[in-house]
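Everything in the sequence shown is counted per this note's numbering, starting at 1 for the first residue and increasing by one.
The hints are simulated quantities; they were obtained by calculation from the structure and are not laboratory data.
Note that the structure is a prediction, hence the values are computed from the model and not measured.
Positions of the beta carbon are idealized from the N, C-alpha and C atoms, including for glycine.
Careful: at least some of the hints might be erroneous.
Computed Cβ-Cβ distance ranges for the label pairs, DEER-style [stated by the list, open to error]:
id: 1; residue 1: Asp28; residue 2: Ile5; range: 34 to 40 Å
id: 2; residue 1: Asn38; residue 2: Ala6; range: 44 to 50 Å
id: 3; residue 1: Thr14; residue 2: Ile36; range: 30 to 36 Å
id: 4; residue 1: Arg3; residue 2: Glu41; range: 55 to 61 Å
id: 5; residue 1: Gly26; residue 2: Ala6; range: 28 to 34 Å
id: 6; residue 1: Ser39; residue 2: Leu8; range: 43 to 49 Å
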Amino acid sequence: MTRLIALLLIAGTTLLAGCNTIAGAGEDISKGGQAIHNSAEQAK
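Construct all of the structure, not just a fragment, from the sequences and the given hints.
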C-alpha cells in the first residue's frame, strides 16, 4: 500500500511539472509569433 501511495505521489508531481512545462512552451511560442507579427508590420 505504501508503494502505491508513493507511486501516485510521484506520478502526480510529474504531471504537474509537465503542465508547467507545456504552459511555458506555449508562452514562448506566443512570444515568437508576436515577434514575427511585429517584424511583418515594420516591413510594410
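Okay, the hints, checked on the actual structure:
For the pair Asp28 and Ile5, the beta carbons lie near 35 Å from each other, so the given range of 34 to 40 Å is met. Remark: the range hint 44 to 50 Å for Asn38 to Ala6 is upheld by a beta-carbon distance near 48 Å. The given range of 30 to 36 Å is respected by Thr14 and Ile36, whose C-beta atoms sit roughly 33 Å from each other. For the pair Arg3 and Glu41, the beta carbons lie near 57 Å from each other, so the given range of 55 to 61 Å is met.
As the Cβ distance of Gly26 to Ala6 is approximately 31 Å, the hint placing it in 28 to 34 Å holds. For Ser39 and Leu8, the hinted distance range of 43 to 49 Å is satisfied, since their beta carbons lie about 47 Å from each other.
Consistency note: the structure conflicts with none of the earlier hints.
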